[in-house]
Amino acid sequence: MHLREAGVEAVPLTGNLPKAEQDSINARLGDMANTSGQGSSNGGKDIKLLYCTASPLPEKIMKSQSFLSCLQKLSDAHRLTRIVIDEAHCVSQVGHDFRLEYQNLHILRKLFPEVPIMAVTATCPPLVLEDLLKVLGLDMTVPGEGKVFFIDIQSSLAYSLRDADWTGTVYFTAPLYRPNLHYTVLPKPSEGAKLYSQMAAWILRQLFVRGKISTGVYHADRTNREKDKLLRDWHKAFGLGIDKRDVRFVIHHSMSKSLDGFYQESGRAGRDGKDSNCVLFYRAQGASTLRSMTMADKDGSAKRE
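Anchor point for the sequence shown: position 51 equals 51 in UniProt numbering, and the numbering is continuous, going up by one each time.
Keep in mind the hints are simulated off the structure, nothing from the lab. Warning: the hint list may mix true and false statements.
[Said to hold, decoys possible] Each pair of labels, with its calculated beta carbon distance range: (1) Lys-227 with Leu-49: 16 to 24 Å; (2) Phe-112 with Glu-226: 35 to 43 Å; (3) Gly-216 with Glu-114: 44 to 52 Å.
The structure presented is a predicted model; accordingly, all values stated were derived computationally and were not measured. Here a beta-carbon is modelled for each residue, glycine too, at the ideal position from N, C-alpha and C.
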């Protein structure tokens with residue numbers, strides 16, 4: 001993990017960790033709670049950041065009494081200082097990337113009412129923000145007038161809170177415009193069949209496999225081992241997540257399901273500030289198909305207005 005390289009004792013606690021490693025992490029957390037900020041009794045480093053994936057976390061809290069007891073002891077000892085929810089837009093059903101397991105995170109506010117909760121996302125329009133705060137049980141605004149704080153991400157992340165009241169909810173937003181990203185929309189050739197994302201990825205790979213471009217296919221149904229290998233092959237220094245700064249091209253073979261999704265996906269490019277290209281292959285028929293899919297009920301039948 002990049003944080004470890006920076007000297008921060010960060011530990012991942014995920015569902016695919018061997019039980020022995022999970023037990024070891026739980027023991028370290030218990031030791032921290034018992035020492036009440038005086039350092040580990042066994043001389044080891046205190047865990048500064050515990051990284052959990054969203055899927056096993058609610059289940060782990062609700063079903064594992066030992067883990068729940070450990071978190072409560074940490075909170076009572078004032079060692080659980082903050083809960084951070086990354087990709088928080090996934091909480092909202094009106095967002096572009098809703099994930100059911102994120103809705104279970106509402107239990108965090110009920111279990112730890114005194115612990116600050118920070119929700120982090122790059123794509124959070126007003127409707128998503130309203131839904132997100134409601135689901136997570138956070139206050140709608142800070143006391144008094146609602147405040148929004150803008151972070152200029154292109155000036156060394158210099159920012160200030162001004163007169164914020166820390167007891168409430170503070171909003172940070174970053175400007176969407178990034179001058180180093182160049183967007184292009186190209187006509188998409190006619191297709192003989194509907195290609196959904198994973199099928200399209202495999203077919204596109206076959207187009208490149210004999211050419212000069214080395215390609216890989218990364219999607220949700222790949223195994224963890226396959227994903228890890230793809231990430232290592234793409235960038236040897238990868239940690240958790242996709243954070244490669246010198247991505248020069250993001251090419252959308254099909255339209256994203258929403259403008260929010262397109263912004264977030266294309267935002268993978270040019271994080272080093274250098275010129276990068278975001279290309280979308282567009283077809284009117286694809287827009288119509290996408291509109292029908294996004295208006296469908298959960299059972300697959302189209303909604304009628």
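Cross-check of the supplied hints:
1. Lys-227 and Leu-49 have their C-beta atoms about 22 Å apart, which keeps the hinted 16 to 24 Å range intact.
2. Distance hint check for Phe-112 and Glu-226: the Cβ-Cβ separation is about 36 Å, which falls inside the suggested range of 35 to 43 Å.
3. Against the hinted window of 44 to 52 Å, the Cβ-Cβ separation of Gly-216 and Glu-114 comes to about 45 Å, which satisfies the hint.
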